[in-house]
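All chains, full assembly: derive it from the sequences and hints.
Chain order of the listed sequences is S and Y.
The opening residue of the first sequence carries number 1 in the working numbering; numbering runs sequentially from there.
The opening residue of the second sequence carries number 672 in the working numbering; numbering runs sequentially from there.
If you are wondering where the hints come from, they were derived from the structure by calculation, not from laboratory data.
Just to be clear, a hint being listed does not mean it is correct.
[Said to hold, decoys possible] Only pairs whose alpha carbons sit at most 25 Å apart, straight line, appear in this in silico SDA-like list of lysine to any residue: (1) K609(S) <-> L986(Y); (2) K609(S) <-> S683(Y); (3) K524(S) <-> R707(Y); (4) K401(S) <-> S414(S); (5) K885(Y) <-> G370(S); (6) K350(S) <-> G225(S); (7) K524(S) <-> R953(Y); (8) K524(S) <-> S808(Y); (9) K350(S) <-> L269(S); (10) K256(S) <-> N213(S); (11) K952(Y) <-> A907(Y); (12) K401(S) <-> N648(S); (13) K643(S) <-> P625(S); (14) K609(S) <-> D790(Y); (15) K706(Y) <-> E614(S).
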Amino acid sequence: MTREKPESNRDQPWLMRTYSGHSSAKASNDLYRTNLAKGQTGLSVAFDLPTQTGYDADHPLAHGEVGKVGVPVGHIGDMETLFDQIPLGKMNTSMTINATAAWLLSLYIAAAERQGVKQSQLQGTTQNDIIKEYLSRGTYIFPPEPSLRLTTDVISYTVNQIPKWNPTNICSYHLQEAGATPEQELAYALSTAIAVLDAIRDSGQISGDAFSNVVGRTSFFVNAGIRFIEECCKMRAFVELWDQLTHERYGVEDAKMRRFRYGVQVNSLGLTEPQPENNVQRIVLEMLGVTLSKRARARAIQLPAWNEALGLPRPWDQQWALRMQQVLAIETDLLEYGDILDGSPIIAAKVEQLIRGAEAEMERVREEGGMIQAIETGYVKRQLVTSHTERMRAIEAGRLKIIGINSFTETAESPLTTGSDSGIMKVDPAAEREQIERLRTFRATRNTSEVEQALLHLKDIAQSGENIMPASIRCAHAGVTTGEWSGVLRNIFGEYRAPTGIDISTSKMAGSDSVANLRERTRKTGEMLGRPLKILVGKPGLDGHSNGAEQIAVKARDVGFEVVYEGIRLTPEQIVKAAEEEGVHLIGLSVLSGSHLELVKDVRNRLEKVGLAEVPVIVGGIVPPEDETNLKAQGIAAVYTPKNSDMNLIMADLVDIIREANGLERYHALH
Amino acid sequence: MLTSSRFPDPDSLAAAVVDKDRPALARALNLLDDKRPEARRRAARLLRLLPQGRLYQSGHLIGLTGPPGAGKSSLTAALITVWRRRGLRVAVLAVDPSSPISGGALLGDRLRMLSGQVDSQVFIRSLACRGEFGGLSAEVWPMSLVMLAAFDIVLVETVGVGQKEIDVSKLTDTTVFVAQPASGDSIQFLKAGIMEVPHLLVVNKADLGSTARKTLAELRATLKPAGNDNDWQVPALSASAARGTGIDELADGIEAHRAWLLQREQLGSRRRRFQAEWLLKRLDEEFGRFGVEALGGFPTLLAELSGSEDSPFELYDQLQQRFLSNWQGGLGGSRFGAKDVGDGE
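As structure tokens, then:
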């Protein structure tokens, strides 16, 4: 090992985390301590959807969602359990939390205080980027204006009280998931940063000198896709644009405060369900995109597990993801060199091109009146849906090749997915019931008058416009629940439904004979049934990942269906009411949170009650094979998962399902 | 092949709709949308069986229209909240454009009309306008009538700019135009007389402040004061669906127009005229201009249809029968003359 460089000359590796949390605070605490023992250097907390959207575990909308995509944290007791025996004074914790970020940070601070740790010692990150929630992730609660106020409250508070905290992680990650091109990713993330920083500057909570600290603490959360050279260039473009923006717009003189600091989760959109083992090399290559260039290297990385497209990863899958990072950081010589991309004219030209493209798009956002306006008018969402639709059309037409999806689809059976657990983890179905029991016990044992006082105070503060944090920390100590905290703010701020962006124009070109053929089938079948085919696309539950549902809605419109699109966060009761009023021929439900069994059963029962048991129901989402069997046994007409990537075949199937339900024969296969 | 057993029985359906049965109303709307001959026969009977008094004297048919992005759906949602607080039951017919290329449509209005609570006293149906020349689908009128049989208020929401959108004023008692702040289009259309003047103008998004106030001032400037007591003075209001302000006033203004119509006994006559126009349009569709001429021509038929105390659907059936028997009775030109038709049956 003569070529080995001494440890001291190597760069420090980035923070290594795994995005995790499930079932309960206790189960997640066990997992965190195991992961730390395996060499993970930070924590990344995944909260369940009720926690992210401000509902207690016993709220009707929470049904089926508790502990599914993350850990439920309903009150200070849960937060203490979550970090039991983990010294918060030393830990670096990232929390993926947005609409309720102020609340979860308050609980974190209160839990730390109960460990005897001062808040000024805390280190970590709250994602706290509400703007992208309207565009892609969907866990917003309030309208943009009060949401932005909560964001700026957290930033102002931490800059003064918790100097090592990253109060907001502006996310371009979810924009790429929603279909953004690199230029769009750059433009919208930076436009978001401008909206947030302008709001803080204008709020008057920060004195002039401290403003450069706010800029310095602003970090980003970025996606890295499979085109890893371009991704390297994208990161270098980010570094340059941010340096320039913070200098020119905000007058930050200290170059250290203008550094582009970011964490990464590599791309999940490109992970495939067929031949899922290929995702391992995809993840490793994507990691190169954010590590090769030293000047633009990530500060923290979390990798998805190879089986994310199949379901929830097991501890072993997460360990594998962590080991990929460790091999790159510790075994390879990556950290021994300066920036290996400096001086390459090809890289420089690509970076330049991305910067130009991003600047042009930022200008368009400015013309719309800034990022908030551009979201409210639906401009940004339309751009994203257009890009995503373009991507889907490219895959469909074979212009964009994905191994295992539209090329090299032949495969031997994988030993990875044939085990007794099918290669994924199942959340204990008792988790929700147990969480509700714990919540009720907690409510029964707290001091009611303290809770009421704290909530009244919170209400006053929310109305007055003062910083929300101190009142929220008081609520945390008093034993207020997540649903109660959010409820007070819901009453004052109101709730919001974002534009869907699906009002983009129909693809003019039929694109292929298949599309022309499909339009003909849809039209003819409509004529035979007396009226145009009408379908309802809805997302029951709290999961806000609306990309799949939106793509189905746009595609169905493109082939001639009349599509009632109801958007996200619907109760089964609302979906059934819509199906009844609209007189649809078919109902499509999209669920990605793993709550499909509970939600679908609820919808079916209610349909039966209003005499609509005959209307066929299809389900799309991340559904493991045995659940698919189970759903079909319940009478679900079809289940579509990420492996059904040919949208034309899905559309042809929808027509046939409607035909069969109405006593007509199926058509021949499409191709 | 489908059998007629799949078509609903119009007699029991009409009774159930009048009884405010929600699933029955949904089935009735499906039937009115159905183009198959058997369905159309049953639909005609269904309409005939609805209580005529209710259809021509009570309830309120409201058209809400304006350019895309003006916030019509959010305003509708806010109005629903006010009406529900006043104890009124509300049905909405939300009309969206179809894609001329694929024939498909995205019907996304309910999304913005949803509130947290599921309310069985509110009924929303989305309808694609299916490229109908002149803006609105033929289904809008009969669907509104069926909804009126079961609800206190029926609101028809349509999109568009200029003359087309205002078509909804030919189907409703009261037309509300929602203007977008800082968009001069509607003002230009009003000034140029391209757009018929609605009964109420409302500038939404009052929360935008000065731009909204400026638009409101410009709109007010285009409105002429009422010439005499018999003229309806068009109010220009401002509201914010996002903040919930000005909505009560808007609801009051809409109600005031209905009271004004009732006072002048215009509510029933307007609806009968719309009804007659719709029937004529249907006759025109089925038999063409030649057929309409054969039955007496537009003006004669319009007078006959709107003056009749009978159900116009009855009349329509009679006219249809008359035309068919004329046709089957021989092809001599004189049989199609207006004189024959005028004799009636």
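Cross-check of the supplied hints:
| no. | hint | result |
| --- | --- | --- |
| 1 | K609(S) <-> L986(Y) | 40 Å, violated |
| 2 | K609(S) <-> S683(Y) | 20 Å, holds |
| 3 | K524(S) <-> R707(Y) | 13 Å, holds |
| 4 | K401(S) <-> S414(S) | 22 Å, holds |
| 5 | K885(Y) <-> G370(S) | 22 Å, holds |
| 6 | K350(S) <-> G225(S) | 16 Å, holds |
| 7 | K524(S) <-> R953(Y) | 23 Å, holds |
| 8 | K524(S) <-> S808(Y) | 20 Å, holds |
| 9 | K350(S) <-> L269(S) | 24 Å, holds |
| 10 | K256(S) <-> N213(S) | 10 Å, holds |
| 11 | K952(Y) <-> A907(Y) | 33 Å, violated |
| 12 | K401(S) <-> N648(S) | 17 Å, holds |
| 13 | K643(S) <-> P625(S) | 11 Å, holds |
| 14 | K609(S) <-> D790(Y) | 17 Å, holds |
| 15 | K706(Y) <-> E614(S) | 22 Å, holds |
The earlier numbered hints that this structure contradicts are 1, 11.
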